[in-house]
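Protein chains: 2
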Amino acid sequence: MGSYQNGVVGGDRSATSVDKGVDFAQYFCTYAFLYHQKEMLSDRVRMDAYFNSIFQNKHHFQGKTVLDVGTGSGILAIWSAQAGARKVYAVEATKMSEHARVLVKANNLEDVVQVIEGSMEEVTLPEKVDVIISEWMGYFLLRESMFDSVICARDRWLKPTGVMYPSHARMWVAPIRSGLVDQKVSDYRETMEDWYNFTNETKTNYGVDMSVLTKPFSEEQRKYYLQTALWNNLHPHQVIGTAAVVKEIDCLTVTVNDILEVRSNLSSSIILEDTRLCGFGGWFDVHFRGRTEDPAQQEIELTTAPSIDNGTHWGQQVFLMHPSIRVCGGDDLNVSFLMKRSKENHRLLEVELSCEIKQHTGKLLPPFNKTFYIE
Amino acid sequence: MGSYQNGVVGGDRSATSVDKGVDFAQYFCTYAFLYHQKEMLSDRVRMDAYFNSIFQNKHHFQGKTVLDVGTGSGILAIWSAQAGARKVYAVEATKMSEHARVLVKANNLEDVVQVIEGSMEEVTLPEKVDVIISEWMGYFLLRESMFDSVICARDRWLKPTGVMYPSHARMWVAPIRSGLVDQKVSDYRETMEDWYNFTNETKTNYGVDMSVLTKPFSEEQRKYYLQTALWNNLHPHQVIGTAAVVKEIDCLTVTVNDILEVRSNLSSSIILEDTRLCGFGGWFDVHFRGRTEDPAQQEIELTTAPSIDNGTHWGQQVFLMHPSIRVCGGDDLNVSFLMKRSKENHRLLEVELSCEIKQHTGKLLPPFNKTFYIE
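In order, the protein sequence lines correspond to chains A and B. Residue 145 in UniProt numbering sits at position 145 of the first sequence; the count goes up by one each step and never skips. Residue 22 in UniProt numbering sits at position 22 of the second sequence; the count goes up by one each step and never skips.
The hints are simulated quantities; they were obtained by calculation from the structure and are not laboratory data. Take every hint as true, because none was put in to throw you off.
Subject to a maximum C-alpha distance of 30 angstroms in a straight line, what follows is the list of computed BS3-like cross-link-like pairs (lysine-lysine):
| # | chain 1 | residue 1 | chain 2 | residue 2 |
| --- | --- | --- | --- | --- |
| 1 | A | Lys-203 | B | Lys-87 |
| 2 | B | Lys-370 | B | Lys-358 |
| 3 | B | Lys-58 | A | Lys-203 |
| 4 | B | Lys-203 | A | Lys-87 |
| 5 | B | Lys-105 | A | Lys-203 |
| 6 | B | Lys-128 | B | Lys-87 |
| 7 | A | Lys-105 | B | Lys-203 |
| 8 | B | Lys-20 | A | Lys-343 |
| 9 | B | Lys-340 | A | Lys-20 |
| 10 | A | Lys-95 | B | Lys-184 |
| 11 | B | Lys-128 | B | Lys-159 |
| 12 | B | Lys-20 | A | Lys-20 |
| 13 | A | Lys-95 | B | Lys-370 |
| 14 | B | Lys-340 | B | Lys-20 |
| 15 | A | Lys-223 | B | Lys-105 |
| 16 | A | Lys-95 | B | Lys-343 |
| 17 | A | Lys-58 | B | Lys-203 |
| 18 | A | Lys-184 | B | Lys-95 |
| 19 | A | Lys-105 | B | Lys-215 |
| 20 | A | Lys-340 | B | Lys-95 |
| 21 | B | Lys-95 | A | Lys-343 |
| 22 | A | Lys-95 | B | Lys-20 |
Output of the computed footprint for chain B on chain A, the stretches with three or more beta carbons under 8 angstroms from beta carbons of chain B:
| # | segment |
| --- | --- |
| 23 | 26 to 34 |
| 24 | 210 to 217 |
Not close to chain B: a few residues of chain A, all C-beta gaps over 10 angstroms, as computed:
| # | residue |
| --- | --- |
| 25 | Val-45 |
| 26 | Gln-62 |
| 27 | Glu-110 |
| 28 | Arg-143 |
| 29 | Met-146 |
| 30 | Lys-159 |
| 31 | Glu-190 |
| 32 | Gln-227 |
| 33 | Val-254 |
| 34 | Leu-260 |
| 35 | Asp-294 |
| 36 | Ala-305 |
| 37 | Arg-326 |
| 38 | Lys-358 |
| 39 | Gly-362 |
| 40 | Leu-365 |
Here the structure is a predicted model, which means the values were calculated and not measured. We put the beta carbon where it would ideally sit given N, CA and C, even for glycine.
In isolation and in its complexed conformation, chain A is listed as follows (with noise of 0.2 angstroms):
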């Protein structure tokens, strides 16, 4: 299940309250490891966006004091001193921060750039900042919640003049099609006559019957194999409907309260002519766009949304329904959208998605509804 573990978590929802071990244990550590940072570093589409957000607005990094929140190896903060910032304070909760120090001094940026290791929650800074940049985003924007230490930081350390890099963060869903539903279903039904097998001999060779368990075990793996949103990176051909947006955030003026959840209803119309709706795509994308009294002189964009060539190490998330329903061109969604975090772990998410079919003809088909795990 690969380095991310749901554990329990007990408490109210925010990072600040969860057991520090227990986080480090869970979410933190994973970023300690170069091979991860380098995965992110050698994004282009992302190292492009920040690159270009910064270098074509340096007019807000000039002489400016500058806080890189979760600066991993350094990178923003060093191209933030690289526009002229006078000083940057980059915070890094792991052991990468010693890391992030080395490379600041062999940059010759030691005089500019301040590594500070520890959680935003508990550091001090010497002052408030013009600019809190950082690379917060998790798959789907919201996975991993790193945005509430941003906003911390923002609640603690931002000038009542500064400017956020990014700006502004959206969320978008996407009916598509996937050979993935097939797949996983096969997947599925092979673990369960696995699992009957199992049961059968068991009984047989040592006389207990675990039939019992078969529900809770079905459970477990429906919700492992149908029930988890997938990481995958979705060809614009697959996204069979209009895309909308699910949630709008000015990173300046957000709070922790209204990212809890996401609720949205939102309208999307098929757009090919004949195919199959197999459940729906998630992404967002983050503007670089300054602030309305300082604004930034080169707006910049970073999207991950199905791309040919420019695809990001985020993907999508997808979230499959089965059995696929045939629709065609014409034909309307009208889609209840509820995500919210994971009792067990904040920084894991739950997706309540309910999805009405108005085909063309005008005939309303009857509305179903699932729930996911976006783990």
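Start from chain A and add chain B according to the hints.
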């Protein structure tokens, strides 16, 4: 890096002083999945050994009280009851205990088997027991350090006349040949080549010189590819020299202190004519012998030695060395073996291997040392 995370744990090494939340997030949580339990229940060699040890030694169970440490699905507790136990306490730290309870009831044993959710270090039993049964063995026996909990259970709850199931355990090491060496060296070189391209491009495209991180990156990757013990299912033909015991444990008398370190000097003679020493394989066996005053009627062995037909889910742990060294039949190896717990996580291990080769001609080759991580 699979389902087991290496996190920061402060303080001393015993399971009781590890932060509970962290231990749960890192270690226990995988055992809460039925899929994982099924994997272990599908291991025929494991199942046969425990089944036979119980049902061919009913005199140890009939009318007796039993404690199953880490009952998981409840299988050992159920067999103990079926073999005639008067009362069985089945302790399980995860929510798997709820499934165990259901399974006990479905097999009509709820009057005999009491499932208790909690850690062995914290639960209280109504009485001391005649038998402690547990399947506690991790890779190479001691990975996961679950045996600490069995020792704790024994010291608190076993009657002075009680028996341990299993009663004995041994760790084995033998020199091996393996194609994995070349593969891992190749993977490592490819990763480093990719890194050099990455640092060049980052300098060219983004003006940041990351070459100062080459050393830590190469250390991180070297550890991952070349210094981490691998799970493998060795073929007996891969064992090129005599196997030797590096640790013997009497489960009735061993203390946690005895197993904090495994230190051994072992000799091994090469048995193949002309081959390459690629490293060492490590495995274990356990025996069910009862105790001197109350022995088993039928002694059962569970071995995880390399086998064509009787492989287990434990496989063996493989410690690769490169470059591989040409050896001949009659060459003797003097190996010094030291295994200790990782400072960061007491459930993970570090191995220091030192090997001196005395060729059959009498010539002594210089010794080489290597450190490995069992993650």
